[in-house]
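Asks: Residue numbers for the sequence shown follow my numbering, beginning at 422 and rising by one.
Worth flagging that the hints you see were computed from the coordinates, not collected in a lab. Here a beta-carbon is modelled for each residue, glycine too, at the ideal position from N, C-alpha and C. You may find that some hints are simply not true.
To be verified - Derived CB-CB ranges, DEER-like:
id: 1; residue 1: Leu605; residue 2: Asn521; range: 42 to 48 Å
id: 2; residue 1: Ser634; residue 2: Asp578; range: 16 to 22 Å
id: 3; residue 1: Asp497; residue 2: Ile617; range: 31 to 37 Å
id: 4; residue 1: Thr495; residue 2: Asp638; range: 33 to 39 Å
id: 5; residue 1: Val641; residue 2: Asp488; range: 23 to 29 Å
Said to hold, decoys possible - Listed next, the in silico EDC-like pairs over lysine to aspartate or glutamate satisfying Cα-Cα at most 20 Å (straight line):
id: 6; residue 1: Lys575; residue 2: Asp497
id: 7; residue 1: Lys528; residue 2: Glu504
id: 8; residue 1: Lys600; residue 2: Asp638
id: 9; residue 1: Lys609; residue 2: Asp578
id: 10; residue 1: Lys635; residue 2: Asp578
id: 11; residue 1: Lys557; residue 2: Asp512
id: 12; residue 1: Lys491; residue 2: Glu570
id: 13; residue 1: Lys484; residue 2: Asp512
id: 14; residue 1: Lys557; residue 2: Asp525
id: 15; residue 1: Lys505; residue 2: Glu535
id: 16; residue 1: Lys614; residue 2: Glu647
id: 17; residue 1: Lys642; residue 2: Asp618
id: 18; residue 1: Lys484; residue 2: Asp578
id: 19; residue 1: Lys529; residue 2: Asp560
id: 20; residue 1: Lys604; residue 2: Glu564
id: 21; residue 1: Lys491; residue 2: Asp512
id: 22; residue 1: Lys614; residue 2: Asp512
id: 23; residue 1: Lys484; residue 2: Glu570
id: 24; residue 1: Lys557; residue 2: Asp517
id: 25; residue 1: Lys563; residue 2: Asp638
id: 26; residue 1: Lys491; residue 2: Asp578
id: 27; residue 1: Lys635; residue 2: Asp560
id: 28; residue 1: Lys575; residue 2: Asp517
id: 29; residue 1: Lys610; residue 2: Asp560
id: 30; residue 1: Lys529; residue 2: Glu541
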Amino acid sequence: MASLQQTSISLQSKLPPSSQLSRALPSLNLSFSGTFPSLKLSTTRPLQGGIKMSATAASSYAKALADVAKSYNTLDATSSDVEKVEKIFSDPQVLDFFANPIIDILKKRQILDEIVKSSELQLHSANFLNILVDAKRIDLIKEIVREFEMVYNKLTDTELAVVSSVVKLESQHLAQIAKQVQKLTGAKKVRIKTVIDPSLIAGFTIRYGSSGSKLIDMSVKKQLEEITAQLDLGDIQLAV
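Throw the hints in and build the complete structure from the sequences for me.
Replies: This is the structure:
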């Protein structure tokens, strides 16, 4: 996966001076209703129910995006777009910029156009991001990504495995892990997500299954915890 530093942009350097805001910005296809017919973007009635309603909204957006991708036969490419978007918006500076209601919508669209071009997103993926910005729902992007992954995995019979390690694992090791997870689950495909976790000391963990319910722990941290439990070191005082 590409580093966030490769895909994110410097907001300060991209923001145009106020004298340029009146100029026509590069045109984006903003005819959202035709591309996402199942989305109702009315925000006149506030949502109630807190987290539950937010989760429902995120699920609706994710399913709409998956439906469009499926109709264009671009599920895999759209999944790649979603991964890029996840990387970009994991930067708090980027998310805060687009979620800030004070910042002019023209500035947001210009920065979004830069993101679309630099990340080479598909047109319907670009339109989708514009929907979220215009509807003031960009704050749901993390939940939408998570929901889209679940929809994508179900549609393509794909198992998601999150591999955590202290250092980046070699591609051949990840391929072996994917093959093992495929044997365990019987899934048609396996997608690997990597996470760097220094607390593991050494080794790695694999989390898969529904909402990451299954865990294979091959870390030194786990081994040390087991040794500590067996030796019951809690009652031992070391001489200093």
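Asks: State for each hint whether it applies.
Replies: Hint check:
no. : hint                        : in the structure
1   : Leu605 x Asn521: 42 to 48 Å : 44 Å, holds
2   : Ser634 x Asp578: 16 to 22 Å : 18 Å, holds
3   : Asp497 x Ile617: 31 to 37 Å : 25 Å, violated
4   : Thr495 x Asp638: 33 to 39 Å : 36 Å, holds
5   : Val641 x Asp488: 23 to 29 Å : 45 Å, violated
6   : Lys575 x Asp497             : 13 Å, holds
7   : Lys528 x Glu504             : 24 Å, violated
8   : Lys600 x Asp638             : 17 Å, holds
9   : Lys609 x Asp578             : 5 Å, holds
10  : Lys635 x Asp578             : 17 Å, holds
11  : Lys557 x Asp512             : 18 Å, holds
12  : Lys491 x Glu570             : 14 Å, holds
13  : Lys484 x Asp512             : 24 Å, violated
14  : Lys557 x Asp525             : 12 Å, holds
15  : Lys505 x Glu535             : 14 Å, holds
16  : Lys614 x Glu647             : 27 Å, violated
17  : Lys642 x Asp618             : 11 Å, holds
18  : Lys484 x Asp578             : 16 Å, holds
19  : Lys529 x Asp560             : 14 Å, holds
20  : Lys604 x Glu564             : 29 Å, violated
21  : Lys491 x Asp512             : 29 Å, violated
22  : Lys614 x Asp512             : 18 Å, holds
23  : Lys484 x Glu570             : 10 Å, holds
24  : Lys557 x Asp517             : 12 Å, holds
25  : Lys563 x Asp638             : 26 Å, violated
26  : Lys491 x Asp578             : 14 Å, holds
27  : Lys635 x Asp560             : 29 Å, violated
28  : Lys575 x Asp517             : 31 Å, violated
29  : Lys610 x Asp560             : 30 Å, violated
30  : Lys529 x Glu541             : 18 Å, holds
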